[in-house]
Structures are given as structure tokens and as C-alpha cells.
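Chains as they are written, first to last, in the UniProt record's numbering: chain A, 1 to 401; chain B, 1 to 401; chain C, 1 to 401; chain D, 1 to 401.
Hints are not guaranteed to be accurate.
Copies of one chain are not kept apart here, so a pair can be met inside one copy or by any two copies together.
[To be verified] Keeping only pairs whose Cα atoms sit at most 27 Å apart, straight-line, the calculated BS3-like set for lysine-lysine is:
#, residue 1, residue 2
1, Lys371, Lys129
2, Lys239, Lys378
3, Lys226, Lys139
4, Lys300, Lys239
5, Lys300, Lys226
6, Lys300, Lys279
7, Lys283, Lys378
8, Lys217, Lys283
9, Lys283, Lys371
10, Lys52, Lys129
11, Lys300, Lys45
12, Lys340, Lys56
13, Lys328, Lys300
14, Lys295, Lys378
15, Lys378, Lys223
16, Lys279, Lys378
17, Lys56, Lys235
18, Lys340, Lys226
19, Lys344, Lys239
20, Lys371, Lys340
21, Lys328, Lys279
22, Lys223, Lys53
23, Lys340, Lys235
24, Lys295, Lys129
25, Lys158, Lys56
26, Lys45, Lys378
27, Lys56, Lys217
28, Lys378, Lys158
29, Lys45, Lys328
Calculated directly from the structure, the hints in this document are not laboratory data.
Protein chains: 4
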Amino acid sequence: MDYVYAPGRNHLFVPGPVNIPEPVIRAMNRNNEDYRSPAIPALTKTLLEDVKKIFKTTTGVPFLIPTTGTGAWESALTNTLSPGDRIVSFLIGQFSLLWIDQQQRLNFDVDVVESEWGRGANLDVLESKLASDTSHTIKAICIVHNETATGVTNNLAKVRQLLDDYQHPALFLVDGVSSICALDFRMDEWGIDVALTGSQKALSLPTGMGIVCASPKALEASKTAKSVRVFFDWKDYLKFYQMGTYWPYTPSIQLLYGLRAALDLIFEEGLENVIIRHKRLGKATRLAVEAWGLKNCTQKEEWVSDTVTAVVVPPDIDSAEIVRIAWKRYNMNLGLGLNKVAGKVFRIGHLGNLNELQLLGCLAGVEMILKDVGYPVKLGSGVAAASAYLQNNIPLIPSRI
Amino acid sequence: MDYVYAPGRNHLFVPGPVNIPEPVIRAMNRNNEDYRSPAIPALTKTLLEDVKKIFKTTTGVPFLIPTTGTGAWESALTNTLSPGDRIVSFLIGQFSLLWIDQQQRLNFDVDVVESEWGRGANLDVLESKLASDTSHTIKAICIVHNETATGVTNNLAKVRQLLDDYQHPALFLVDGVSSICALDFRMDEWGIDVALTGSQKALSLPTGMGIVCASPKALEASKTAKSVRVFFDWKDYLKFYQMGTYWPYTPSIQLLYGLRAALDLIFEEGLENVIIRHKRLGKATRLAVEAWGLKNCTQKEEWVSDTVTAVVVPPDIDSAEIVRIAWKRYNMNLGLGLNKVAGKVFRIGHLGNLNELQLLGCLAGVEMILKDVGYPVKLGSGVAAASAYLQNNIPLIPSRI
Amino acid sequence: MDYVYAPGRNHLFVPGPVNIPEPVIRAMNRNNEDYRSPAIPALTKTLLEDVKKIFKTTTGVPFLIPTTGTGAWESALTNTLSPGDRIVSFLIGQFSLLWIDQQQRLNFDVDVVESEWGRGANLDVLESKLASDTSHTIKAICIVHNETATGVTNNLAKVRQLLDDYQHPALFLVDGVSSICALDFRMDEWGIDVALTGSQKALSLPTGMGIVCASPKALEASKTAKSVRVFFDWKDYLKFYQMGTYWPYTPSIQLLYGLRAALDLIFEEGLENVIIRHKRLGKATRLAVEAWGLKNCTQKEEWVSDTVTAVVVPPDIDSAEIVRIAWKRYNMNLGLGLNKVAGKVFRIGHLGNLNELQLLGCLAGVEMILKDVGYPVKLGSGVAAASAYLQNNIPLIPSRI
Amino acid sequence: MDYVYAPGRNHLFVPGPVNIPEPVIRAMNRNNEDYRSPAIPALTKTLLEDVKKIFKTTTGVPFLIPTTGTGAWESALTNTLSPGDRIVSFLIGQFSLLWIDQQQRLNFDVDVVESEWGRGANLDVLESKLASDTSHTIKAICIVHNETATGVTNNLAKVRQLLDDYQHPALFLVDGVSSICALDFRMDEWGIDVALTGSQKALSLPTGMGIVCASPKALEASKTAKSVRVFFDWKDYLKFYQMGTYWPYTPSIQLLYGLRAALDLIFEEGLENVIIRHKRLGKATRLAVEAWGLKNCTQKEEWVSDTVTAVVVPPDIDSAEIVRIAWKRYNMNLGLGLNKVAGKVFRIGHLGNLNELQLLGCLAGVEMILKDVGYPVKLGSGVAAASAYLQNNIPLIPSRI
């Protein structure tokens, strides 16, 4: 049942699905249960309460939907908007592209603000649009916090600032798929109306749970939003929340127990420490890339991502070959370059339940692969650069002091 | 992490989620993998090929959607129909009711044919509707093969017969959630256009995969169907099937390996043997109910269900109390009576990876509970009736002969 | 990898290895760890403290030895006795026979007191031996608390009483393999010097840990005992206990975490409740046997065992055939008759993490098998008798009230 | 239940217990079974047949004993020798020391040949002893193939050569605990009479199975050997082998299925490829040590070990501090220096189911730790040296070509 066995551990460095920690695998290693018995609502109650902490919201209402990130997007849009609504959306890479495609197919009037891939959302354009939209035709701003295809993190605080500056009432919808629980994310402080992530990203669970969190303003909007929805309709969830049974349809028992375990681990480490760990891993990766003499796809320091690094390869090298060799020779998975940057970048995911020595093993592997494809890398150079930084910055493990 | 521990095994007799066999739990006990590496498409290919066997189709195209049965319903409807389309739908219990609610919310023109709960779909009414619909305004017939709330199995062959008799081109959409892989189901032979089930039912997996199978006619219809859909859109799947990468968004790696194991077990037992086993368990359950002097909610033999039995309790007894005691005293889960039959029936699910001694343990438990709530049952009477039948009908286990 | 797959759960009713509860399976689902890191000693410390509770000792010292019950026997004998030492040992069934065989091969002078199989240890003979042994040539009394082959429980309190009556200093060595943590067992109160069990019995773990507990008197004896031993030598353990690293050689990390989980479950249920549950299951089983018109191998009520029932079959039936059919047709495992009672009895194990409906499923199965082999049982009769008792005696599950 | 949680994977680089591959963890994730049903003997039969392959023997008889390496030693000695027998044994490190301690406590007349720790067995002394032992008073040669404490591999072919040269009939007993299934090992070709290993070493299983293989000559010797033994007595195993039930007492069901999976993985990779992989990892580690400017505890190239490298630290550094920091800061486990080399060496285990990027992660970690303790290592230097070698030598993964 393992189609392509290789000795030793798989080195999983795609930006999702990410490594699941052993305690979470254990928690999910179980038979089904009746989700209508008192046990599951009791468990669900703690999950809904605790999951708000990773969004940093106290007023939001979370939904744990049996779906993927794509479904979470659909849930965010259809519950808050009506067909024909104008939304401003930023195209900066493959995942924002896919979300925009969804927005268009759901019949919204999408005002696309495009940036070169490798650059962040053009907030100057947003500002001018907000400035000129005195009649408030813009119903929502849709933005990907961290574009997984290019390793670009957008400045959400700035978006909120602009909305406030122009006293614009547009809803603020954020894809936090590769950011929430890994990058600094503040739903309440930044006035985000819908934020969403997927279980297989920083939460380090299997795929299958789209986690969507709605602000009171978003919930209010959902009462009049005319987009057709049933499976993704928050109304059904809210009805069952009211009844205390929580589930309009059958949840995955395993993912619920898994989420409980995942949250417990995050709180044990401390959410702030989790975020600092991602900063450390991101920084170390970028130092390695620099030492290799390669360029980060992200064009400016302000946009660098602490969850994924897209590395630009020289023009004579096919980045897909790097990904292929990683898998065929080193039992490692790297991310492909997608769409416009296909063949031009490969991606190192460094999010989720991951530590420094895992990353250094990956970086050592990338060095050998670069050599394999003919790039004149100095072996050990990236590891040395990353180590020099890490050795100064890794804290003691609190439970072991 | 076990909120309500009790010694010994949980006796799970709700009609889903059902018991997961150990080999399937094992197969899913794993870390995430990169779904874009060659391993997952190779695995997916075998799954798509093999899953067709449980639908008994060679021409259908299956979709393994990260969703629940509710999402599978939505996938079936939105891919084949346009808003305003007239559909004939049968209301015979809570699950057909919920599907009809979805059909209405998706803006179809639903022609509801209601039966008393406990009776099957009224096919006489269907016949008259088909007979009078010479202009073919009816675009689809929607029917639940097995109504899980009342334990009623509808006659799908008869529906096909009627459609053929009147040479009616309506699409034939079937909810096989609590039937496929347990009851006799023949997608091709019965000319079903969309059939669907959920992973947590007869396949005995965790919740999280909606399995939808579309006939060539349904696929053709999907090209012109105007219902808005993105997450559930077959088009995206078909595009990735074409490319050989199979997944428009991230699947659950664990469920894929779990499905592989589940199908392997089913084929090892033999699909026909699986169906015969369900017949045996269903019959044994009904004999026990009769021995207890209680009535089956299903009003006629032609509709009895081999996957769930809804037992009518005497008017002075609250069936919810039976379910509560099962859980609180016997570590057993029975199904509640829902909606119109709330308090009036309790349900014994007997589907999925289940054997005779497990069922007899359940029946012995029900007897004690009936005594607990004051019903004058003769202890051992149901077990005796069921055993008498089973002892004559259980075959030797092929792998152990 | 499942050599003889059958649908549904395996019904495991041998008196060990027994069913492992899910939380314990989960706790053991893990990678290896370095047993010399601080984590394992910290875990071991809690285990050694807590395991004493199931022996009901405060002064004893436990050893968690990577071995089976046979190894635990050897540990008990070789650490406390010297070759040629006279010991009184009771032969009442296959397991006491095997222990006596070991005692003889270890070169002790074994004074065997034999009883008919189905009867308990002959304590009258013990009394006369003690009475006449004024020079204290008897160095140890070896007794099996519960003879697993015949379902006979010996009266340990009485043994202690006799030793006290005659102020005899013999060591009191007890095989508690199928009793400790299931039957009433009081190491300190009964002045037991070495008590032992195996992980795969009432603790409901996998095989692989022999748990031996030594009284201060036994530890004192170990200082002068001349039996040759290395692997089983307590001295090595005590040296590492002293150092706080606990392990003279590598333990099974998985079994340590498993034992932690198993003890947690036992304490959550309450040790006294665990014992009462075993009484309830034992009584129910005996009532069923009686209802079937069959005889218990145990000849007197005072010896009946609450962990295993050996059922005598009529002379024209081969009990091995019953065991074979259980496995081949019903996916159930019953215990064979061993040695003198081979072909004459089959055994129902009812120990470990087990509940009432599981047992009733087993009893229903036995009824069908009895019919299969031609015994004129009334189907349902045993289940009815057991249910009638159980329905009056099962308490509510504390965590669910 | 995780006493000392740290984010990311644990980097386990002690020379046992080693990392368990996921397919093996999965295979062991199961309930108990009746070991007397036909399934377990059928499984055992394949294991006994296949386990001989990793010893490279066709004439040997293997025993899968529920014990540790220490118990396997005892089994090897007590089954073949009698008290007072003269044996020649080589003291070259902590594990050979412990085996010699056992030999002495078992009352053999041990002729200890000591070498400086870091050197191999002194075969010149062996030669002179054999030469002078014309009356064949030496009954056995006991040698550790790979001394885990110092990373020294002895030359077994040479030992055989000497025995042959002097036509000496002494039994040849080999501890292959950290060699078999990782280093080149040829039981039949080298005329080894008893070879043994433990499950938690190169087989990459949990601890709990001592695997002992006896040559026909050893089996013959066991018929007259007078050492007292019961639990470890081969005779009992042979009796049950004869009967086809295989087990004189209860085995761990989980370890049996685990061993099946472990062997399957080894055969899939190819035993020769497994050995080559260990050579590659060993060589890479030694190159790193050299690049760091540190010395290998092993004093000559002929003795270097491909499963463990003991690294000598400068006199001003306490090697235990390196091990402590590994655990407290980097979530890595390294091996301590033991006894004579305590504080002076730390050990990197590189055996079992392990790959190159895992090792490079470890080496990168060691570099940072060396820096932490004040050793002036050039970060990246060891990784560079190891990578340069590995990049030239890692083959493509056969299943992925």
C-alpha cells in the first residue's frame, strides 16, 4: 500500500499538506463515533472556543467545515455577498488567481488588481479605488494574506488602515490558508470580516477541514447575501449551534479529535512561540538561498514569507527537474513553480509542526540537488549560513529546561 | 481526550458513521504526503477505477469529493440542472426531506411527492406525472434509495421501468448514501444518471469523502447546466483527470489510502457477499423486532431496509430515552427518531463492516433497555429469533475454510 | 497482512491476550525514543509508583520486565530461592503444571500437591505439611491464584492464614497472571512475597511485559538466593532504580506508554469497579452455562473464577470442534481445553477491558455453535439468563451520568 | 502523555532503539489476537523462514524470543554451554563488558582478552590461545561483531579463519545486535554457531524481540549443555516448532506483524542495498567528523563501524553536555559516552531505517552544538564534507525511477 517506498522518513517541504505531529496522528487513530451522542458536542464546544484564539478574535464565530481551502473560500464569499457585487481582489500568484477565478464564476463583479508575480498586493491601487468609491460600490476586499505560489506576504494592517482612512464599509475577506497559526494574524485588531484556513496547513492536520471565522459584520451581511448556498451556508451551522448539537451534517470524528490535539500542542508551545519559530525558519531559509547565490522570488523584504520561500533558478535550469530529483533521489518533496513561474522557481515550505534540524536536512538536500542539475553551488554554504543564524537564535525547549 | 470513557468497546449501531475495520484504521494511520508527487495520482487512478465497481457501472465517471453526503447531493444537483428546472422528488423521511430542502434552496422547481413516513416513494404518482409530462418539463427524478430515517428502501428498477415506459428523458438522480456497497445497487442496469454515497456509510471509512458517480448523460447535461458551482464543479475534476494529476484541490491523503484499504476488503469478501451479509443482518434484526412484539416503522415487506431498522415503540415510551440509556448504561449508540417520528422510533443501523455476533450483542442490549424503560419484553426472545435464522444462514468465512 | 480476514470485529474471548482498548492502542502508536533521555525515567517513575496500586501494596517493589508470564515466573523463583530448596506447589491445571515443570527444571525440590482438574488447591494438605514442617524445610509456597485452564480461583487469604497459624516463614509466591487487576487481590494484606502478572491479561496490553512485585522479605531473600540469574536478576534493576535511570537494558517504549494509558483507564474506572465488573461478567457467564444445561469445569462455587469459565461439553462432543467453528464461522476466539481436559472443555475468557454487550454477543455465538455441533441448546436461553442478571446489575457509566 | 513535547520530529540518533518506519508502525497498530488460532502459526512460519535471510543462513534455526538483547545473550550462552566451560571473550567496550559480566555470572570460565577501547578484538591473542589449546579446553569464542559503545567492527571472517587454521572445534558465538541487517554478516559462510540481534536495532522495530539463530552444531551442543534454563530454553521452542504451533508461551502479536512489515521493507529495498546504504551513511559521518577536526574513537580504518560513530571531544569539553544540549535545544538524541569513555565521546547512531537527509540534519545539528559548547567548528564544514561524498553516491530510489 506504499506505492513508492523509500528508506527513512519522507522529507515533506511542500507548503501544505505539511507534516502531522505524532500526538495528532495518535489522536486521530480511532474508530468512528456517533456524532449525535453527548460526547461530540462537548468536544466541539471546546474546539469552537479554542480555535478563535488562533484567529485572535473574541467576537468572531468559527465554522469547521468538512471541505478544503477552496470550499472555505466559497463559504466566505457566498455567505456574505450577492451576485453582481463588486469586489476588489488582488492577483499576485497562482492561489490568488484561483480565488479570483472562483469569484468570477460565482458571478461577482471582480475588480482585479494585478501585480507582477513576486510582488505583493498593490495597495496604492486599492487606495485610489477606495478614494474614488464614494458611493461604496465596492462590497468587499478579497486578499490572500500569504501567496503560497510566490512566497509573498501582504500587509493586512495596511489594508485595514486604508479602509479606515476612507471610512469605507467594504467587507474585508482574507485567505489565511498559509498564514493563520504561523504568521502574525490579528482578526479583531485588523478588522477582518472573514478569515479562513485549511487543516492541512499550519495546524498540521490532514486535509479535510476548512476553518472559516466570521466577524459580527460578516454574520450580519450573511442575512441578506443572495448568493445561492446550501452546503456552505452558515445559517445551518448557526441553527445547530443554537441547539447545542453543533453539526448540520456529519463531521469527521477523527479530524475533531485531531484538531483538539493540534490546538493543545500549539497552546503548549505558545502561539507567539509558534509564530517566532516560523520567523526563525523563514529567515534561515532565506539566508541559505542568498548563500547559494540564488534569488528569492519575493522582490522586496517587506513581502517575504515566513511559511514558504520560492527560489528562482538560473534560466538554464528547469526548476521542475529539481523537484523531480528531490523525490526520486532524496525522498524529499519540494513545491513546484506554478503557472507563470513554472520551471522558474521551486518552493520550500517551512510551515507547520517543523523544527530547525528538519529544515537543515532539507537545505542540505537542496544543495546536493542544485549540484545534480549543474548549478555551481558550494556544498554546505546554505547550511552554514542558516546554521550561523539559528545557532544564535534557537531557544531552549521549555518543557526540557 | 476521551470525553466519556466507558470500559470495553463502543457498540456503534447508528446508521452511520459506522465501525471502521482495523485494516482501514491502520491504512489511514499516516503522515501527510505531497499530493502532487507521482504516488498520489497513481493511487487515485486505481481508486477511480475500482470505485466504479461498487456502483456497478462501467460507463460512469466517479468523483471523490472532500465533502459529506450533503455536499455530494449538491454536486449531483448543481452539475446537472439549472435554476428553475422542474424535478420530481419523493419525501418519505428526514433525509429525503433535507435533500428536498436543498433542492428548493438551490432554486429548482421541486415537485414533491410525499408519502407517509414508513412507506416508500409513491411510484404511482410518479407514473401519472410522467404520463402527463409529454412536453418533458420534468428534468430530473430525485430519489433516496434507502431512507435512513425510516428504514425504507425504494424500488429503483421500477423507477427506471417507468421512465422507459414513458420514454421520458428526465435525469435519474439517486441518493445511495445508506445503500451503495450494502444493498443491491446497479447504476448501469438501472440507468441511473447520478448516484452518490458518503465514505462513513457502507464503505466504513471516516466521514469526509462524498463519492459521486455520473453517467455519460449526466456529464453531457453538466455542460449546459447553469447552476452556479465552483467547489463542486465536475469540470475542474475532469480537467485534472485529463492531465493525469487528478486533483483540482488538496485531497485527504489519509482517506485515499483508507479508501484503497476499504475497497480491498470489500473485494476480498466479494461485493455480492457483502450484500448478502447485509440481507442476513437485516433479516435477523427484523425477526428480533417481531419477537419483541414491536413494529417495524417500514409498513410493507417490499420496502424493508437491510441497512437500518426503525423500531416503533409503544406510545407510552419515549424512544429517545432508549437511545439515552443505550449510551449511558450499555456503551451502545442507537439512532434517534427524527422529526415526525421523534420519540416514536429508535433505529438500529446494521450497515458497513459488521458481523453477526456484533449484531446479537446489540440486540441483547436492546432487550435489556426495553426492560429498563418498562416494556414487557421477554429477555432473550429477540436474540433467539435472530440466532435461529442466522445459525442456518451464516456461511463459513472463506479465508478460514 | 491480515492472513485470515473476516468482516466485522474479531470476538476475542480467550483468557489472554485480551482486547486492547482504543486509548491504549493509540498511546502505543509511536516511534521509538531514546530510553536514556530524561523523558523515559520520568515516565517510568510514575509507572512504578502506580503499578503498586493494582497489587495493593505499598511496601512492595515492582519490576517491569521485558518478558512474558513464563519469564515472570522465572524471575520470582530465581531471585528468591536456591537450587535444592524445598517448595510446596499446587498442581490443579495446565498453567500450574507448567510452573511446576519450570520449578523442577530450575532444580528446586518441588513438593507437588495435586488436585483433580476443576478443583482448587488442596489446602488441607498444605496445612498438614506446614504442621509437620517444624524445622522449616519448606522455603516457599507457590500457588496460582487463578488457574486459567480450569477457571479455578484459589483462596489466598486462607494460605496466608495457615502460614500465620503455624508461624511458618516460607515465602509466599503467587502467579496472579489471570487475576491481578481483575479479581480481588491484596498483596500486603495477604502477606504475599512475590506476585506477578503479564501485560496481555487484565491490564489489556500487548504481550511483552512481565510485572513482578517483591515484598521486602522477598528482596531480603534475593540477597542470598543462589539460583543463577542475569537477565531476570532484580539486583540489576535495583541498581538502576538507585541511579534514577531505571533500566538495566532497553525497555519497550511503546509498552511503557501503553501501561501509562492502561493504568489511567483503570484508575478512571476505579480498581474496585473493575473488579466488580469482572464479578458481574463472570456471574453472567456462569448463569448462561447453567441455562444451556452444561457444567462448569469448576467443581465448587468457592472456586469459581470471574476471569475465565471452562465449560464441560457432553462426552459425544469434541470441545476443540467448538473452538474451530467459533473461528471459522463466527470470527470468535474461544479457549481450547488443555492437556487433561483437552476435547472436554472449552473456555470463555472474560477478563480485561470488556463490557456486557460484548459478552452477550459471545454467549449468543456459543449458543449457535452448540447447535452447530449437535447439542440441543435452546437458542437465546443463555443470553436470557445472563441478561436477566445483568439488567439488574449494570451500573450507569459514571462519566456519562 | 508526552512528557517533554517539542515542535517537529525528534531526531533520534542513538544506536538503538532506532526510528521505526511508518509502514511498520502501521502494521503494529492493532488489537491482540489469539496466538493459538491458525493465523499466528501461519504468520510465524513465514517469519522464521524469512528471518534466516538476514542472518544469511540456510541451515540455522531462528528463535524469536520475547526479550531484549541481554536475554538473547543469555539464550545463546545457556543453551550451548555448561557451567565451568572455558570461553574466550573480547572486552573492547561497554557492551562486550556487559556480556562478559553475564558470562561470568552464568559461571563460565571466561578468558577475557582486553583491548584498549577504540580498538578491535585482539585476534593475535586469540590465535595464540587457539594454537596452545590443543586439548580443546576452549568451548566457545564469544565476540561482539560491532561494539556499540566505541563504534568498532570486528573481523568475523578472520575469527573463523583462525578456528579453521587450528581446526579448533570451539563454538563461535556472535553478538550481532548493532550489525545484523545493517553490516555485512554471513552466518553460514563464517561458520557462526549462534548469532543474535534485537528488534530495536537495524530491524527498526520496537524493543521486545531477541532474535537468536543457532547452527546445527549449536543445536547439537544444546542437547548436552548443562546450564540451567527454562524461559530461554530452545528445547521448548523446538517442541512447538515440531507441533506447528510454534510458541511455548505468548508472543507479542504486534511485534510479529511488525517483523513481517520490517522484513518486507528490507526485502523491497534489497538486503545488499540496505548494507550499502549503511556504508554510505557511515562514511559520510566519518567525513564530517574529520572535517570538524575531531577524532573518531575507532583507532584504525579496519575497525570503523557503519552503524555507529563515536566521536572523541577535546579534553576541555564534556561530551555529556553535547548530548544534553542536543535534547534540550535541538530535539535530537545522541548517544552518551559510556564507562571508560564517559565524558570523552558522544555517539551518532546511523543504523536502521534512515536516509541521507536525516543524517545531514543531524550533522548540521552537531555542528551547532559543538559551537554551543565552545568548540571552534566551522559551521557547514561537516555537512559539506558529507554532502560531497553523498551527492556522488546516492542512487536513485528504485521504486521511483
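Going through the hints against the structure:
1. Lys371 <-> Lys129: Close neither inside one copy (48 Å) nor across copies (54 Å); limit 27 Å.
2. Lys239 <-> Lys378: Intra 61 Å, inter 42 Å, cutoff 27 Å: neither.
3. Lys226 <-> Lys139: Both: 13 Å inside a copy, 25 Å across copies.
4. Lys300 <-> Lys239: neither (46 Å within a copy, 35 Å between copies)
5. Lys300 <-> Lys226: Classified as neither; 40 Å inside a copy, 43 Å across copies.
6. Lys300 <-> Lys279: Result: close within a single copy only, 16 Å intra versus 45 Å inter.
7. Lys283 <-> Lys378: Both. Shortest intra-copy (20 Å) and inter-copy (20 Å) distances satisfy the 27 Å Cα cut-off.
8. Lys217 <-> Lys283: neither (36 Å within a copy, 54 Å between copies)
9. Lys283 <-> Lys371: both (23 Å within a copy, 20 Å between copies)
10. Lys52 <-> Lys129: This pair counts as neither: shortest intra-copy Cα distance 32 Å, inter-copy 51 Å.
11. Lys300 <-> Lys45: Neither. Shortest intra-copy (42 Å) and inter-copy (42 Å) distances fail the 27 Å Cα cut-off.
12. Lys340 <-> Lys56: Neither. Shortest intra-copy (34 Å) and inter-copy (42 Å) distances fail the 27 Å Cα cut-off.
13. Lys328 <-> Lys300: Neither: 33 Å inside a chain and 36 Å across chains, both beyond 27 Å.
14. Lys295 <-> Lys378: Both, since 16 Å and 25 Å are each at most 27 Å.
15. Lys378 <-> Lys223: neither (60 Å within a copy, 54 Å between copies)
16. Lys279 <-> Lys378: So Lys279 and Lys378 pass the 27 Å test inside a copy (25 Å) and across (24 Å) alike.
17. Lys56 <-> Lys235: within (23 Å within a copy, 37 Å between copies)
18. Lys340 <-> Lys226: neither (35 Å within a copy, 31 Å between copies)
19. Lys344 <-> Lys239: Between. Shortest inter-copy distance 24 Å satisfies the 27 Å Cα cut-off; intra-copy 49 Å does not.
20. Lys371 <-> Lys340: within (25 Å within a copy, 43 Å between copies)
21. Lys328 <-> Lys279: Between copies, since 20 Å is at most 27 Å while 30 Å is not.
22. Lys223 <-> Lys53: within (25 Å within a copy, 44 Å between copies)
23. Lys340 <-> Lys235: This pair counts as between: shortest inter-copy Cα distance 22 Å, intra-copy 39 Å.
24. Lys295 <-> Lys129: Answer is neither; intra-copy 33 Å and inter-copy 67 Å both fail.
25. Lys158 <-> Lys56: Classified as within; 17 Å inside a copy, 56 Å across copies.
26. Lys45 <-> Lys378: neither (53 Å within a copy, 41 Å between copies)
27. Lys56 <-> Lys217: within (16 Å within a copy, 49 Å between copies)
28. Lys378 <-> Lys158: neither (40 Å within a copy, 42 Å between copies)
29. Lys45 <-> Lys328: between (45 Å within a copy, 20 Å between copies)
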